[in-house]
Amino acid sequence: MGQIEQTGGSRMKARDWLGVLPFIGMLGGIPFVNRVEPYVLGMPFVLFWIVLWVVLTSVIMAFLNKIDPATKEDSQ
Amino acid sequence: MNIALIIIFAFLLLSFYSGIRAQRGKDMNMEQWTVGGRGFGSIFIFLLVAGEIYTTFTFLGGSGWAYSKGAPSYYVLSYISLAYVISYWLLPPIWRYAKEHKLVSQSDFFVSKYNSPILGILVAAVGVIAIIPYLVLQFKGLGIIVSEASYGSISPAAAIWIGVIAVTIYVMISGIHGSAWTAAIKDIMIFFVVVFLGLYLPFHYYGGIQPMFEAVQASNPGFLTFPEEGLSISWYISTVLVTVFGFYMWPHTFGSVFSAKNANVFRKNTIMLPLYTLMLLFVFFVGFTAILQVPGLKGADGDLSLLRLSLQTFDPWVVGIIGAAGLLTALVPGSMLLMTGATLLAKNVYKVMAPHTSDAQIARIAKWLVPVISLISLYFAMSGGDTLVTLLLMGYSLVTQLFPALLFSLPAKPWVNKYGAFAGILCGVSTVAYVTIFQVTIATMFPNWPAVVKDLNIGVVALLVNIVVMFTVTFLTKNLFALNRHAANTEGTPTL
Chain C
0 MGQIEQTGGS RMKARDWLGV LPFIGMLGGI PFVNRVEPYV LGMPFVLFWI
50 VLWVVLTSVI MAFLNKIDPA TKEDSQ
Chain D
0 MNIALIIIFA FLLLSFYSGI RAQRGKDMNM EQWTVGGRGF GSIFIFLLVA
50 GEIYTTFTFL GGSGWAYSKG APSYYVLSYI SLAYVISYWL LPPIWRYAKE
100 HKLVSQSDFF VSKYNSPILG ILVAAVGVIA IIPYLVLQFK GLGIIVSEAS
150 YGSISPAAAI WIGVIAVTIY VMISGIHGSA WTAAIKDIMI FFVVVFLGLY
200 LPFHYYGGIQ PMFEAVQASN PGFLTFPEEG LSISWYISTV LVTVFGFYMW
250 PHTFGSVFSA KNANVFRKNT IMLPLYTLML LFVFFVGFTA ILQVPGLKGA
300 DGDLSLLRLS LQTFDPWVVG IIGAAGLLTA LVPGSMLLMT GATLLAKNVY
350 KVMAPHTSDA QIARIAKWLV PVISLISLYF AMSGGDTLVT LLLMGYSLVT
400 QLFPALLFSL PAKPWVNKYG AFAGILCGVS TVAYVTIFQV TIATMFPNWP
450 AVVKDLNIGV VALLVNIVVM FTVTFLTKNL FALNRHAANT EGTPTL
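Note that the protein sequences, when read in sequence, are chains C and D.
Going by numbering that gives the first Met the number 0, the letters in the first sequence line up with residues 0 to 75, in that order.
Going by numbering that gives the first Met the number 0, the letters in the second sequence line up with residues 0 to 495, in that order.
These aren't lab readings, by the way, just hints derived from the structure by calculation.
Hints may contain errors.
[Claimed, not checked] Examples of chain C residues lying across from chain D (beta carbon under 10 Å, computed):
hint, residue
1, 20
2, 21
3, 22
4, 41
5, 42
6, 45
7, 50
8, 52
9, 53
10, 54
11, 61
12, 64
Virtual Cβ for every residue (Gly too), placed ideally from N, Cα, C.
Modelling step: build the complete structure from the supplied sequences, incorporating the hints.
This is how it looks when you write it as structure tokens:
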């Protein structure tokens, strides 16, 4: 992960670490939530957890788009 | 011919028509035919990327795996979302470099970065080999759709033939513009069909999503969580990582990156694309509903679960609409795969060997390679008995081998040289081939190791071999050629 982010810009910025969060949630979190109960929104808990992180990923990426100056420079 | 088949064929004709219309009045040179003149904005790129990802695999394979494996099918949801996260950093530098150097294919990128046409041939070969199982998957899916929707009057073999001919004609008349427009029709249709099925079926049979899951849990305890061994959490994490790294290494996906208008298109798309993957949730609901309603589909037949359940539940005209949506999910990605494979072979293999061929000739050769690749895939589609997921994972472990060489080429001063990149890719791909042919897993090699290690996706091992060889060869050749250059000044006569 670290290498990818370094190559995107000149140096790895603090905001780039936001990109690591979805990996931690969606992969690292699974051993702790691998169960059926409680059902949330009708889904077994582990499925709900993954769905929750898909939504959070979108939120994180929206936030990153907002604060990243590169998104302004490149759109012209 | 029943009403279901009539609807499906009507959609097929519609997509032919939109393909012909889309390319009329445009001068179809190589850059037009493949990267759409580099003028696509966020919405078109969204449709292209989404169009490639939501294939017949999603539709039939996703529900098929939920039906036959349960929780491990969730990996699909995770890897697609995480791949979009990576694209935020990965795609802008690739796009910028490709634009500066007027590149049209993935293989061009490696040729230019490493200054090695031979490396380009290897990358093209890996791409085309990986495309074959992915195409086989689309053709099998088409076969399943047409033969199921015919209520048994068309045999699966005849149905695969019909699918292959349809996709081949479609690509030969339209190129990428046709794909983008049909992608628009397809994405709207598949969205409504999948959401409708995912909600209607569990409510119809169980009165809700939760009661449906409770019934599955009661009859198959443990099916809704990752198992202790086999397709365990360790398998899930390693498979997601291997597929995330492979995601943009597909030659057709890599190629669609080039058609963007500016680098920001990719950053903006990382917001909406993860949400779009939630569509898969409804596909899973269908697969889970089918478990107790159409029991007994074994092995590769699990892929039939969505259509079998639909046949049992709906009138033929509804089946026709579902089948038509399924047809488009195979047609759009199938056409991209075919076009990319043909372009790679013509431009990055044939042209390197016969450098004096004109661009017009290359474009003609690419078009005539389309049916050739179709027929090769057709052969495998007829012979193998693998599930759609197995085919997809096989392709993924191959293309993922291109990731390290790509990643290490991005810094201003690449971390590895062309010899390292070549040797690394070759060893990685050979490992995958060996493992696939001899059916080796970590578990068969080291039966006494703990399950956490045994269940790792074997692609991880191939990736490690790849990276170690890449750095070792880079290190060795750097010193070797530094010596040679001093002695004889052989620069400019690359041996690779």
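Do the hints match the structure? See the list:
A distance limit of 10 Å between C-beta atoms decides the matter here; for residue 20/C the minimum to chain D is near 9 Å, and the interface restraint holds. For residue 21/C, the suggested interface contact is upheld, since its CB lies about 5 Å from the closest CB of chain D, less than 10 Å. Among the interface hints, the one on residue 22/C holds; its C-beta lies about 6 Å from the nearest C-beta in chain D, closer than the 10 Å criterion. With a least beta-carbon distance of about 3 Å to chain D, the hint placing residue 41/C at the interface is held under the 10 Å criterion.
The beta carbon of residue 42/C comes within 7 Å of a beta carbon in chain D, closer than 10 Å, and the hint placing it at the interface holds. Annotation: interface hint on residue 45/C holds; nearest CB of chain D at approximately 6 Å, less than 10 Å. Taken as an interface hint, residue 50/C checks out: its beta carbon lies about 6 Å from the nearest beta carbon of chain D, inside 10 Å. At a threshold of 10 Å, the smallest CB-CB gap from residue 52/C to chain D is about 7 Å, leaving the interface hint in force.
This hint holds: residue 53/C has a C-beta 5 Å from the nearest C-beta of chain D, less than the 10 Å allowed. With 10 Å as the threshold, the beta carbon of residue 54/C comes within range of chain D, its nearest partner Cβ sitting at about 7 Å, so the hint holds. Given hint, residue 61/C at the interface with chain D, holds; its Cβ is 5 Å from that chain's nearest Cβ, closer than 10 Å. Taking 10 Å as the C-beta cut-off, the interface hint given for residue 64/C holds, the closest approach to chain D being about 6 Å.
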